[in-house]
Amino acid sequence: MELLIAIAIGLLTGCGVLLILRGRTFAVMLGLTMLSYAVNLFIFVSGGLTAGAGAVLGASEQYADPLPQALVLTAIVIGFAMTAFLVVLAIRARAELGHDEVDLQKPNTQGGA
Amino acid sequence: MQHLPILPVLLPALFAVLLLLQPQQASVTFRRVGSVLAMLLNLLVATALLWQQTNVPASHYLLGNWPEPFGILLVADQLSSLFVWLTTLLTLAVAVYSCAGDDEKGAYFHPLLHFLLMGLNGAFLTGDLFNLFVFFEVLLIASYGLLVHGGGKKRIHSALHYVVLNLVGSALFLLALALLYAMLGSLHMADMAVRIATLTPAESLGVKAAAGLLLIVFGLKAALLPLHFWLPAAYSQASAPVAAVFAVMTKVGVYSLLRVFGLLFGASAGALTGYGDALLWWGGLLTMLLAAAMVLAAVDLKKLAAALVLLSAGTLLAALGSGNAQVKAAALYYAVHSSWIGAIWYLLSELIARQRGSVGDRLVPGPRLPQATLLGWLFVFSALVVIGMPPFSGFVAKLWLIQGLSTTSHGMLLIGTLLLSSLAVLVAFSRAGSVLFWRAQPPIASAAPTIVPSERTQVFAIVLLLLAGLQLVVFGQWWTQFCADAIAQLTAVSGGY
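These protein sequence lines are chains Z and U, in that order.
So in the numbering used here, the last spot in the first sequence is 113, and the numbers never skip.
So in the numbering used here, the last spot in the second sequence is 497, and the numbers never skip.
The hints are simulated quantities; they were obtained by calculation from the structure and are not laboratory data.
Just so it is clear, the structure is predicted and the values come from calculations on it, not from any experiment.
Where is the CB? At the ideal position from N, CA and C, for every residue including glycine.
Don't take each hint at face value.
Stated by the list, open to error - Among the chain Z residues that face chain U by a calculated CB cut under 8 Å, a handful are:
| no. | residue |
| --- | --- |
| 1 | 14 |
| 2 | 18 |
| 3 | 20 |
| 4 | 24 |
| 5 | 28 |
| 6 | 35 |
| 7 | 37 |
| 8 | 42 |
| 9 | 43 |
| 10 | 71 |
| 11 | 74 |
| 12 | 75 |
| 13 | 78 |
| 14 | 82 |
| 15 | 86 |
| 16 | 90 |
Just chain Z, same shape as in the assembly:
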């Protein structure tokens, strides 16, 4: 279980970093989303992995740490809002600049300066 979660977080982070390093805003946005998924998973398991344990008092014999669950909810909400803002900004940049390159210079395609 631990190994599986660790591999999942590692894979998501790796894909996220790879995509963030791409030159187009869409790829960068996807990369950031993946990175935030990895981070959210990481926060979620920071209280330790327990199977079949409730987070609410009186629900079960064993209890899972409820705090990481609260933290991850906050992180998800904030990450979602930030991604939404980035999407709007990227669309605006696409409209203003006429291309979706992260660098200001347009690559030398036909007629590009």
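Got chain Z sorted already, so can you dock chain U onto it with the hints?
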């Protein structure tokens, strides 16, 4: 009075919402007066908080009244109330300045400014590490909105870089938080300090890794050398009042380093005591050297102002890395002084640029300024303050830093760099002043209509900040005592809560 610590967070949020609710058809004057009055009220609260902290122990404001290591709390001590005060005064000056017309170049300038103040104050006041992250996001999303204020290709583009960079920073922050929680089981900063003291060497490795991540995040905010590259690009694209208020944003990074690292890795942290100091010390020194070179190489006033912000950030980081209480106290004084003077330079460079027609703020001979006397005097005074000439706050700050450093074994390195960078600033400003004001050509008749006289509010905002800097010297004893007490309080607290 019991609820005073939360007012600097609640009031700006309330005012921001009220300013949003206001129908946009309402007259511009109404909106401006409302915003400035709200800022004045914020300043009043911040002053009361500062005054309250002079002779009482730190007050812990428990949100939801959970007992202490649980729940979120706000900590109003001397350090946080000092930063709240300096930020509130700065945003007041910026709100006044923007009333000359900058606020109407895009929608919602005033609400965003109030939201930014809320985020900044919250980041200064919070005593919980996760809550610090939340307030970072609040101030960041307001700063994104302010950065694109006024629109334009280059501005949108630099905003895109700034947002992506800060989102990656936030992801690293969360990773560090989760790791710290897994290792320590708490995010209440004072409680974490207590738990760090009892770690086994194997456990402290995880804390070290998390602290390293935090160092990257705060270093990114504070523009520590390898992570500084975003600052000149973002700040020189922002409009003048926005760049001026951003001058305090690097101080948030410095403050977080001082608060979190000072608390977590204080004297009681065992093997982890002073973790990160060496990195801050060398990083700060290199940042200063780079900034000094940027000051000399600046081709326009805005680049010069950005280099100044970077220079002050480097000085502060190196001072934090010195690990000496007196140097840290001097650094606090320097932080207050440098935030205001950095803001002044952004505001002043726009006033000068507006009167030079197409030449703008580039440091080349241009037409004579119509208000050369007024702007010239402002330029001279601001330059004297930033260089560190005797009667002004820059002198006191640097002298105190040098005094403190001369008692430490390795302080000579920073003293030398500090003096060298001051010399660079002196040379750069002498050159800039003579080019802007003395090597001016007579105004060209056709260029006359493009010249805009400075509004009274704009000059007033700059004079307000200059006067604020002046009172740092006039009431010098009170301020130096306050800064020394703030550091003493911080180190005393790291032993327990």
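Verification of the supplied hints:
1. 14: violated, 14 Å
2. 18: Because about 13 Å separates residue 18 (chain Z) from the closest Cβ in chain U, which is outside the 8 Å limit, the hint is violated.
3. 20: Check passed: Cβ of residue 20 (chain Z) comes within 7 Å of chain U, closer than 8 Å.
4. 24: violated, 12 Å
5. 28: holds, 6 Å
6. 35: Check passed: Cβ of residue 35 (chain Z) comes within 5 Å of chain U, closer than 8 Å.
7. 37: With a minimum Cβ separation of about 10 Å from chain U (threshold 8 Å), the hint on residue 37 (chain Z) is violated.
8. 42: holds, 5 Å
9. 43: holds, 4 Å
10. 71: Holds, because the Cβ-Cβ distance from residue 71 (chain Z) to chain U comes to roughly 6 Å (cut-off 8 Å).
11. 74: OK, holds: residue 74 (chain Z) within 8 Å of chain U, min 7 Å.
12. 75: Holds - the Cβ of residue 75 (chain Z) comes within 8 Å of chain U, reaching about 6 Å at its closest.
13. 78: holds, 5 Å
14. 82: Status holds, d = 6 Å.
15. 86: This hint holds: residue 86 (chain Z) lies near chain U, its Cβ roughly 6 Å from the closest one there, short of 8 Å.
16. 90: holds, 7 Å
In this structure, the hints that do not hold are numbers 1, 2, 4, 7, in rising order.
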